[in-house]
Each structure stands twice: as structure tokens, then as C-alpha cells.
Amino acid sequence: MSINPRLYPLLATIGIFLVGYLISYLQFPAMLSTRVIGNLLTDNAYLGIVAVGMTIVILSGGIDLSVGSVIAFSGVFIAVLLRDTSLHPLAVFALLLIITTVFGAAMGWLIHALAMPAFIVTLAGMFLARGVAYMMTIDSVAISHPFYSMLTSAYWLMPGKGRLTLIGVLMLISVLAGAIIAHRTRFGAAVFALGGGEQTARLMGVNVGRTTVLIYAFSGLMAGLSGIVFSIYTGSGYPLATVGTELTAIAAVVIGGTILTGGAGYVIGTLFGVLTMGLIQTYIVFDGTLSSWWTKIVIGLLLLIFILLQKGLLRLTAFGEART
Amino acid sequence: MLLSIRSLSKEFPGTKALQGVDFDLAAGEVHALLGENGAGKSTLIKCLTGAYRRDAGEILLDGAPIDPASTAEAQALGIGTVYQEVNLLPNLTVAQNLTFGREPRRFGMVDRKAQSAKARELLAQYGIDIDVERDLGAYSVAIRQIVAIARAVEISGKVLILDEPTASLDAAEVKMLFSIVRKLREQGLGIIFVSHFLDQVFELSDRLTVLRNGRKIVTERTRDIDRLRLISYMLGRELEETAREQRTASNSKDQKPMLRFEQLGCKGVIEPFNLEVGKGEVIGLAGLLGSGRTETAELIFGVRSASTGAAEDDTGKISHGNPREAIAAGFGFTPEDRKVDGIVAELSVRENIILALQARRGWAAPLSRAEQERLAEHYIRLLDIRTSSADKPVGELSGGNQQKVVLARWLAMNPRFLILDEPTRGIDVGAHAEILRLINEITREGMAVLLISSELDELVAACDRVIVVRDRRHVAQLSGERITSEAIVHAIAQPGAASHTEAA
Amino acid sequence: GFSQIGSESGWRAAETTLTKQQAEERGYTLQFSDAQQRQENQIAAIRSFVAQGVDAILLAPVVATGWDAVLQEAKEAEIPVVLLDRQVDSSDDLYLTAVGSDLVHEGKVAGEWLAKEVGDNKCRVVELQGTTGSSPAIDRAKGFRDGIAGKANIEIVRSQTGDFTRALGKTVMESFLQAEGGGKDICALYAHNDDMAIGAIQAIKEAGLKPGQDIKIVSIDAVPDIFQAMAAGEANATVELTPNMAGPAFDALEKFWKDGTVPPKFIQTESKLYTQADDPQGEYERRKDLGY
Amino acid sequence: MGQTFRRITPQLVTLALVVLLVTVFFPNFLAVSFDGTRFVGPVVDVLKRSAPVALLGVGMTLVIATRGIDLSVGTVMAISGAVAAWAITSGYGLVGAVGLAIGAGLLAGLWNGCLVAIVGIQPIVATLILMTSGRGIAQLITEGRILTFSDPNLAFAGSGSVLGVPFPTILWIATAVVVALLMRRTALGMLIEATGINRAASALAGVNATVLLIAVYMASGFCASLAGIVATADIRGADANNAGLWLELDAILAVVIGGNSLLGGRFSIAGTMIGALIIQTINTGIMLSGFPSEYNLVIKAVLVLIILVLQSPNLAADWLFLKSMLKARRANVRSETP
Ligand SMILES: Nc1ncnc2c1ncn2[C@@H]1O[C@H](COP(=O)(O)OP(=O)(O)OP(=O)(O)O)[C@@H](O)[C@H]1O
Ligand SMILES: Nc1ncnc2c1ncn2[C@@H]1O[C@H](COP(=O)(O)OP(=O)(O)OP(=O)(O)O)[C@@H](O)[C@H]1O
Ligand SMILES: [Mg+2]
Ligand SMILES: [Mg+2]
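Protein chains in written order, with our numbering: chain A, 1344 to 1667; chain B, 135 to 638; chain C, 1222 to 1513; chain D, 145 to 482.
Which residues of chain A face chain D? A partial, calculated answer using Cβ under 7 Å:
1. Ala-1458
2. Phe-1462
3. Arg-1473
4. Lys-1639
5. Leu-1647
Counterexamples of contact, computed for chain A against chain C with all Cβ distances above 12 Å:
6. Leu-1361
7. Tyr-1364
8. His-1431
9. Arg-1529
10. Val-1551
11. Leu-1603
12. Ala-1607
13. Leu-1644
14. Leu-1652
Think of the hints as simulated: they come from the structure by calculation, not from any bench. Quick reminder that beta carbons are idealized off the backbone N, C-alpha and C, glycines included.
Please take these sequences and the hints and turn them into a complete structure.
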């Protein structure tokens, strides 16, 4: 067989997702409707987008804990600006994306210039972004703008009444763009190189500083975009929104087959990681009998099972490889 | 001059690595850079390519001063480098490594097809045909070394720097490399060549420069200098050739073997083999790269678990299923990749030396600080480890000195059976002789040694018995007078030779 | 389908228990979904409910805004939605009705009680706020200020968030005591929920003062433990927020299904004030098994 | 001793600066008085309130030294607290309650350790699993409400004092000292560092890395359970929903502010303890200063950033560089003048 072993983790991820879906379907036949599939894309759009940025960061051996707060900040920023000024949403979007990108770049610069671990710098970034969101408003602010209503109701009705929404499509586009950046550009190669080892990457001619700044800027950009999508999804800005999303995103990236220490993984895998997380959520809602605490326990256990399955699958293939 | 270095200095905390070094490289020459471990060769190269910032001095390329702040800049100037520690990315494919930073692009995107084609084409020059879409990490050290060389050659428009490129290559590959280097020389490149193999230096280089303790000692034409004088330049003294003398015949001939391994093997890794180890015996393992020598050692030391076989000594069966059991059974093992498996970089020289000892005593019985210091001082003196203090992090030592620290760790354990996997890789002539002398000495006290080496001379000089490994099988055994370079080469190359020597 | 916010407090656990009890008593099957305090999970849950085709949706919204789209979807699928205990900003034709108490009103009741209690004496009040940015915190702060409006003798000298938790309530109260001359300068405490008040009571006791006498304590929710404290004379007043929101909700739904009676858009539950005069021990006994 | 002191000098200076800053906004910060039974004052509060983060920090330092991370400590606090409260209300007595709570913490650590060391899951993911599901377990025990108890002995762990010093303070200092001594007076410290820096090489040298890793996660679980007992005892009730929520981040922050590298290797428990004090001083300072709550996070973030910048290794190198340059210039000037 001529499957490149690099692809095994990715194939394992996709395989596990499909098996998971099959099991859910056998239990709840309603799971296999375009409605559920459309929901899966729409509900996880913001997570997918932010996970794409997180994938790039993790591929480089870093981590970005600030994204959840940045999404919340974005929502508040958009809502407050649309409430208090007469700017067009598109202008606000542009402004926001510039801010979040610069914010990410600044964190990247600190990480590089101070030789501080990304975990800590982005942790401070996480406090800061949410703190600024609080300072803008502590209230949740509704967005009522005709342009927004248009965005919210932009969808394509699939056969079977499922909706393929604008934001769902936006997520798919982001994944595609992320995949191209990671796997088809020199910048992407530099990202993988950093993940393989900073010292070596430097000796191979990677401009470590510039690459680090760009990586976190990209993550900031994706977090901003995700914030926009989230504000379209909820139609409001709320400083307490998306607490802990960074951890969900990291989990999705890891389930997607990317190695947390960096240097190996696929952006497409992350899409399936996100969908897997969504599947777990949907399954639990369909089940509908779990108490609050059992919900938490079951989510953790399912996460564990997915990771163990993936590890087992990889070990099996590695074993097969060794024997040939 | 193509490249001139004027009074270059570089200081690390506690070490003056380079002091006012001058160096000239002409177009169309191979210039060897020589010196003991820690002399400053790698540091000079790193200052030249922007990996380190120099403290003082200037560098002229084609007469114009250059000041590369990063290796990327040096590459852009046409300086290609193979660094001492393999400097490629195991998590990228071979093709990505080869074309890194200069990937062929179409519509702004990396063109995978062209990339692979180019990689295959580059490797073809070295007679290598592998799947370039696989991760580099899946290939052996030798392949990685060649990929690094191919990449550096491809980048170098003017200057090619090779820092110990042949350390993990075998004869055929070295030959291939040399022919490529000669071709580049004819094309007018300047080539800097660092090696501890003096034969290779004499074979390849036009001129040579010797560094000692961070200072330049001499630059001469290679053909004007002889081996002994070169060595005395490097060491600052004459080398006693004691180690060259044949080993005093082993005294274990008629005694019962101390250890016996029977039908030890692991599916897909190495065929089952038998091995008897006598007290005070030095057994050599010879073979090509990838023949399974390291695997043999790993099986014995329990790094890999054996699927068949058993070990026993005169008290009965011994278990060695993992390194700790092997250590308890009195084994020791210095792995071939010292950076990955040997040193604990941020711990001090002292802590690295006592690590195994402490691990055996258990956490609750710490060695006293005084005892630790005594041990460290002892081995630093015994092995002539060049370090400013016993408390220096071992990662800051030069490569050869790191190797000596790992050796010291095991000597401190005083095992009865010590496995040395390429113990002299990257070690200078002086230390090389030192280590061989040391092997001689410790075995005289009864320690048995399994010596894995790619240097046949070394095996010939040190061993009582040499086992030849080919294609993951132990195929032949030579002993006593029969151990000669020719015989080993013969046994490695000739399938038929096996039965012949074994019969003898 | 019932989309609950989460289980961040005992009160909410009680609400969940009561909702399940009510559903069981009336013979409905309840699809329960816990959102772990996250709106996105609630939205996803409602969409799943719609996809599953449930008969009605109960929603305890984690935040007021951002429900238009998903409520619209439910409406298109002709599934009535009843909001529990918290309000949303959406236009009111998107849901059948909302059952809840008026958070501002609760705060106001507490404030008015304090105003009456201290009369014209000078009173420096410290405030333990709920989670910054949450609607109860915002509204209860506002209501309380409305309640004491016009009383120049009552002054809120310090307010800091206690995150609705007992532990932070205690921690923050300790620093209030430090900051206000060891507590001698504080006349009353207003806590946005009972849990924080209970934590604060411990802090006051440990500082050597008598809660309920040296410092008057008024809080909101009426959970069993505060009645115990009131019975011991350590707390003064609490404003009830009943966890039985499901009862009125099911009543409204049943009427709606029977003859299409559209209930009023807001069914307000009572914000009853309890003081030490209201048999706190008895109230405690009555409530302690409700799953708080 | 002198070496340890030199190592944590930057942290001590930072702590002094933070204290100074808080004193500017709240002049009485340093005032301590004795009210007959115990010391009172903001500083005493800081020493007492740093108990959870400091206790978590002890275990976290060890885990991080092995190049790992333990995100589950906050959750383990909640579990242990719930177990303690449940045990004491079901009549197991003080010893039973504390024993069971510590047992729960050790068990949680064993679970994490096995996932990391034996199954080979990356620490951050392995502990993330317990972080999410563990809180469910804690809630399962308390059934989602606050499980109150009235046992004065257990409450002593939270609010009692010995010789006027709050018990939590004594507990965290004692734990830190015992663990630090255990690490440095035996070879454990070095073996842990070796494993963190290079697990493969350590294993080849005969270090039992697997057992060591599991032990380290169990130590973290143990410290978390102590923190959980303190937190529960403090409010005389187990609040499974909120106990230890997000405290793992503060603990990690304390470790890093304490001058330890997240990449494992060399560690200093004393540094982490100062780190915990710095964080708690900031927290208490924010509360005392009377700014509105919505500013809390921004103030904390900005202070943390400033501290990180000041302690950055690169900046330290720049300092040395500047200093040596000045010295060199002065030397030059001197040699030129005569
Ligand atoms: N990063 C570093 N930090 C501190 N000291 C260093 C560092 N790198 C090298 N040194 C010191 O500089 C000196 C020169 O080292 P260098 O690596 O250049 O030696 P070398 O000639 O290449 O030796 P070898 O033959 O063993 O490779 C040594 O004493 C070494 O300890
Ligand atoms: N990191 C690795 N990953 C996968 N395979 C490897 C790795 N290192 C070596 N191998 C494979 O293992 C085999 C043995 O390689 P190795 O070079 O260790 O053999 P050896 O006989 O010990 O030679 P030497 O000691 O001279 O290097 C080779 O076929 C190689 O492809
Ligand atoms: Mg070197
Ligand atoms: Mg080998």
C-alpha cells in the first residue's frame, strides 16, 4: 500500500468521526438529516475558524490562550461601535480585524523578543482582551442593523430543510485558506520548521522573529473573524461570551491529529476535530437525559475515547509499518 | 581571497571560544579546519554564518565586508553550511528539507510536484533513490547527513562549509561526497572542511588551518605537513602512540564466559544471535550503516524488548528487559546519538556524571555534594574534559567533550559489561587515543566491552574479537590475529566470507 | 426540550430539579440540555431540539441578547418557546411567554427594606456584586440603587464582584473589613445572592463582629442556608426568587395547547421579602429538600 | 541557601515593588495588629489567601519541571473539597474526611500520571480531560448544591489560627518547606529535572522516568487536595461548581512568575511561592483599592505583563550587556586619561 505514513493521523481522525457519526445515526436516525449537518457547520463555525488559527499556532509549537477572550472582545467591540457610531458594519469589521491582528502580532513579538513561553504571554493576553471588553461595556449589547439581519438570514436551503449558512460557508473557506497557508506556502513551511525545533529552524534560515509575529497575527486575525461570525451567530456582543473556548479549540486541534508539541498535523484534520466536538455536543442534546454533571463527565470520557482510539489506530499502523 | 576573516573573537560566559582568529579561503580550494574538541571550530563557523554574533573582528567576502545577522542572510550571500549536529527538520519531508526556503512556486503556492522532482534530482547526484515525500525522520542518520550535504551544496554559490560531514557516513558514501566536493572545487567554490579523520584531511584538502584553545596556530599547505607535526600542532604536544600498539592478548581465552546471550533477537529488528562475553574482553561490532549494530546493543541493554532469547551468567539467568534491569545486571551503555539519548543538556557536568550512579542508588540515598564533586573532578581529569567548571551545563561543552561526559557517567558505575556505541564519533585525535587507552585499561581490571565503531582501525587496535553484522544478522566472527581491516571489509562485503571465517 | 444554563449555583440546581419534577408530574418527557454557561451551546441545543421536533422549548437564557435567529427558527418550526427566569432582548413575538421575576425589582425591594430599616441614621453600605457582566449583577445593582434613591444618609462605599460564590464572598468581605477600619465603619451589606452573603457572614464572624447586628445583611434568592443564618440572627433579610419557574410555564403551555390562549408576554413571579420576622426556621425546613 | 536566595532575588524585588504599588493606593496595606487571638491586617490576609495558589503551585512546579502541565488542579480541588464535606457530614470524622479527600487527590494524580506516563497522552490534553469531567464528578458528589457542614475541626483548616497565624498560611508554608527539602536533601529534585530535560537519556541512565512522572502528578493531586480542603473548610461547605475554578491558570502563572521555565528542567519551589504571593498581593490590592470590578482583569493583565517583561531572560541578558559595556567604557576612559 502506498499511503504515506504522514497521513495516518489524519485518516484516523476522519475515520473516527465517521464511525462516531454512524453510531449516533444508528441510535438516533434523525441525526442523518441535512438539518443536523447544516447545524453542525453553523453551530461550530466560530470554533472552526478560531481552530484554524490555533492549528497554525500549535503547528509552530506555540499555543494561543487569548482567542476566547478575543472573540468576546470582538463581539463587544462590534456591538458597541454599531450602537454608538454610524459606521457601516463592514467598516467596523475592517477596524476590528486590524485591531485583533495587531493584538496577535504584539503577543507574537513579546513571545519572540522576551523569549517568554507563549502559554504565559497569551494568558496575559487572555486577561487583557476580556478586561478591555468589560471596560467597553459590562452589559450584553444587542446588534440591530439591517446589514446584520441580512447576514444572519443569509443561507442556502439544502434539500431536507437543512440550512447551509453564510457563516458555515465562511468556516469552510477559512479551513481551505488555512490549509493552503499551512501546506502550500513558504510561510507554512517556516511554521512547520519552528514546530520541528526553533534552533534548527534558525540554522535553516527561518526568520524566527518575523515568523512568530506572523503566526500570532494570523491567530489574532482568525480570532477576530471568529468574533465577527460569533456576533452574526448571536446577533449581540457580550463580554462574558466564549469563556474557555481556547481549550475547546485546542482539544479540537488535537483530536484533529495535530501534535501539541508542534511540527506535525493537518488543517483539514482540525475541521474534523471541530466536527467531532460538535458531534459529541449534538449527541448529548439528542440524548437529553444527562444531568448537568453527567454531561461534563460524558464529554470528558468521549474526548478520552477519541484520543485513545486515535492513539491505538496509530500504534496499529506503526506496528504494521514496522513489520513490512 | 574569496573569504577573509580578520581577528575574529567570540566569548561565551566563562569561555573565550575564539581569540583574534585570522582565516583565509581562496576560490577553488578545500581548506581543512582542524583542532581538538573545543578548539573553536564550530564556533568559528557559526560566527561566519550568522548563527552567533561575533564580539569583534571582520569578515570579508570577495573583498567586501559582510555581517550576516542570521543564517538566512548568509545563505543569501551564497554560503551553504552543514553544521556539526544534524540541522534538518525530521518532521518535514525529505523534499521539503532539501528545498526549504527556496521552494519552487506556481501562482504563489508551493509546487509540490516540482519540489519532489527537484529533490529526487538532487539526491540522484549522490546515488540515492528514496521516497522524498516521507518524513526525513524516518530515515537513518546517514541519509539525513547526505540530505544535509545536498542541501548545503545546492545553496552554496560561493562558499561551502562542512562541519564533520563524514562522522556518520561509511566508506562508499564518503567517496561519493569527496567526488562531489572536488567537482565543486573545480567550479571555483571555496570549501571549508572540518574533520577529525586525518586521512580524509590529507586526501581532500589543499590547505589546512589548526586552531587550539580558540587561537589560530598555523595555516599551511597540506602537502607540506606530515601527520605527526599536524597532531603536535593540534595538541600542543607529541601524541604518545601507545594506543596504537596491539592489545595485550586477552586473558579470557580458556575461562568460562562471564555472560552468555542465547538466541537473543527481535522480529523485524534483528535476527536471533548468540553472544558470549568473557571477563576483560573487548568485542567489536563491525558493519555498514544500518546493518543492525545499534539494534544489537539496544536489545542487550533492554532499550528494545527482545522477542526471543535469554541471558545468563554464572549465577543463572539474568533479566535485562529494560535499561534499569540491565543496569542492575551490571551493564552500561553509551548511545550513539549523544545529543538525543546521552546528555541532559541543562544539567551540569557534575550532575551528568553522577546521574546513572544516583539513579541506581535510588532517590532516597543521595550522593553527598562532596562525593559528587570528587567524582566529577576525578573524571574531568581522567578524561581531560575541557570545561571551565564542573558546574557548567553540559550542553555548553563542545561535542567531543559531551561524549566524554557520557563516558564518564558509565565509568563511574563501574559496570562489568560496557557497551560503547560509536564512542569516538566526533572526538579528536588526542582524545581518541585517550579513549582507546582507557578501554585497554578498564578491561585489564576485568570489565568487558562491546565496541561498536565504523572505524576499522579502531576495531583492529582495540578488540579481542570482532563480530560482523550485515543486513540485521550476525554473519561472521574474527579473532586474534585474524582481525585486520582487510578481513573485516571482506566479511562485510562478501556473503560467502561468513562461513569461511567462522570455520576458522 | 429544556435548555438550562448550567449548574453554577445551588439555586439553579434547584430550578433544574423542580423543572424535572414538574415535567414528570404532568407526564411530559423532558429533553434536558446543560449549556455549561455558554450561549453557543444553548443555541446549538435549541437547534437540535428543533431538528428533533420537540413540542415546546423551555429556555433559561444565559444572556439577554443574541437570540433572534434561533428563536426565529423555532418559530418557523412552530415550536412554542417559554423563557425561564431571565429575559431576552428579542422582539416578543418570537416567544410565547417569559416566566421570571423582575431582577431590578428584586434589588429595589432589598434597597427599600434597608432604607426603612435604617431610617434616618447614617449608613455606609458595602456591596457584593454578582459576576461582572451578568444580567442579575447589573439589574440587582441598579434596583438596589433605585431602592435607596433619595436617602442621602445611605451611601454605597465599596462594591466589588464576588462572582456569586461563597468563597469569593468571604474573601472580598474580608478585604472590605480591612479597608473600612476593621468593619467598624460598615453599617450594612448588600449581596447580590445569598451564597455570597453566607460567605461574608463567616468573614464578619471571624473578624469578631456580629453579623446581623453590627452589620446588617440583605441579600437575594432565599436559599435554605440563608434562612438558617436568619434563624441564628446572623442575616436580616432576603428577597425570594422562586426556582419553580417551570410550574407557571407548563400552566401557560397547557392553556395555549388547549384552546390557543396566548398568555401575557411576561409572567412575573413574586419577589417576596423575608425577614427575621417570617419564621426563618420554618422556611428552612420547608425548603431544604428542594434540591438547592 | 545563598544560591537559592540569589536565584529568587528578581522575584523578591518584584514582590517588593508590587507591595509598594499597593501601598501607594492603600496606605494601610502593611499595618498589622494583634486582636487578642490572632494577627489581623491586609498582609495577613494575603498570606492566608495565597494558600490555594501556593499549594497548587508546589505541585505544579514539580509537574512543570518534568515538562508537563496539570490543568486539572482546580477541578481536583473541587473533588477533594466535595469528598471532605460529604465524608464529614456522613460521619466519617475529621481523620476520615481529610484522609478520603487526600485519597481522592492522589487518585486523580494517579489517573493523570498514568495517562501521561504510560498511555503517552500529552499532559495538557490528558489533564484537560480531568479538568472538564472532574467537575462533573464533584457535582455528582454534592448534587450541584453547596454541601455545608458545621464540624468545627474541619473548619479549623480554613479559618483557624495557631499562635495567631492563620492555619492555611502555616499549611502552605509547611508544605512548601517539606517538599523543597524532600527535593533538595534527596536526589529527587535532580532526577525530576533530568527527566524533564531529557526523558530518553534519563531512562537510558537508569532513571525510572515512568514512576517518577506518575509520582509527580500524584504530588500535584495531593497538593490540590490540600488546597481543596482549605477552600472547603474556609466557607464550611463544598461548592463543587466554583471551588478552584480557573485557579490552575493562577498556579501556572505563579510558577512562571517564580522564575521557572515552562519547558521543564531546573525548578525552584521558593520562587513559585513568591510568585503566588505576588499574585495574591495583586488580587488583594485590587480589592482593597476600590476600583470598580470591571477593571480587575485589565489591572491584573497589565501588571502581569509588566512583571513578565521585567523578568524576561532576554532583558536580563541586555542588562548584563549594558552593565559590561558601561564597565568597559569606564575602563577605556581610565586608561586614556593619564
Ligand atoms: N553556546 C555555548 N555557550 C557556552 N559555551 C560554548 C557554547 N558553544 C560553545 N561553547 C564553548 O566554546 C568552546 C569552543 O566550542 P566549539 O563547539 O567551537 O568546539 P569545536 O572545535 O567545534 O569542538 P568539537 O570538535 O568537539 O566539535 C568550547 O569550550 C565550548 O565549551
Ligand atoms: N530515527 C529512526 N527512525 C526510524 N528508523 C530509523 C531511525 N534511525 C535508524 N533507523 C533505521 O534503523 C536501521 C538501523 O540504523 P542504524 O544507523 O541505527 O544502524 P547501525 O547498524 O547501528 O548503524 P550505525 O551504528 O553505524 O549508525 C536503519 O535501516 C535505519 O533506516
Ligand atoms: Mg564542533
Ligand atoms: Mg548505530
